[in-house]
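Whole structure, please, built from the sequences with the hints as guidance.
Per the UniProt record's numbering, residue 1 is the first one in the sequence shown, and the count goes up by one each step.
It is worth saying that the hints were derived from the structure and are not from the lab.
Hints are not guaranteed to be accurate.
Below are the DMTMM-like pairs computed for lysine to aspartate or glutamate, each with C-alpha atoms no more than 20 Å apart in a straight line [what the hints assert, rightly or not]:
(1) Lys170 <-> Glu139
(2) Lys170 <-> Glu180
(3) Lys178 <-> Glu149
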Amino acid sequence: MSGITMGPAPSASNVTNATLFFRRWLKNPLQMGSIIPSSPALCRRIARHTVHGPDQMVVELGAGTGVVSRALLAAGVPPERLIVVEIVPEMAEHLRAALPGVTVLCGDAFDLENVLPPEVHGRIGTAICGIPLVLLPLEQQRRFVQAVESVAPGRGFLLYSYCVTSPLPKDSLSLLAKREAWTPLNFPPASVWRYRPTG
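Right, dumping it as structure tokens:
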């Protein structure tokens, strides 16, 4: 008899998340930062550094299968105050089913001025980016920064990344950068960065 103790079998939800995430990665690797969803440890750190006032929204960009979204809800973000923007229709459909009460918009995070309803412009406490911006050329990175600024002026955004140093060229993008958290428990180890406009 083997002396190996088997852990609990993965839940159906976890298997579905991983399968959906991997299929999306196969279709477009540049839209994904990893081939597997973020770990619970990383998601908790992102949620811990998310701030919003009583009349503010939290916007998550590139939510994938919703693991960060669920951590935000578990940390106390009311579902009616969470807006998720996902460009892939299949993923957006999955998120609508998985996140009752959350507003899920199928749209481009680089066009937030048109994707987000006008009534939330200027009312965003934290924007969270799950898009691998480090893989994009500078001009695309600049477009993203401008898109966030158009709806959340002066607020900046949180970006989670596998880079130990700043994943974005902060000086070229006129940003202040601060690494808020790091977790070795994610695979690969990941950091949470906060970026704000210098102006």
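Quiz item: Between Lys170 and Glu180, does the CA-CA distance stay at or below 20 Å?
Solution: Holds: Lys170 and Glu180 sit about 15 Å apart, inside 20 Å.
Exercise. Take the C-alpha atoms of Lys170 and Glu139, compute the straight-line distance between them, and say whether it is at most 20 Å.
Key: Measuring from Cα to Cα gives roughly 13 Å; hence the hint holds.
Practice problem: Take the C-alpha atoms of Lys178 and Glu149, compute the straight-line distance between them, and say whether it is at most 20 Å. | Solution: Within the cut-off at roughly 18 Å; holds.
In this structure, every one of the numbered hints holds.
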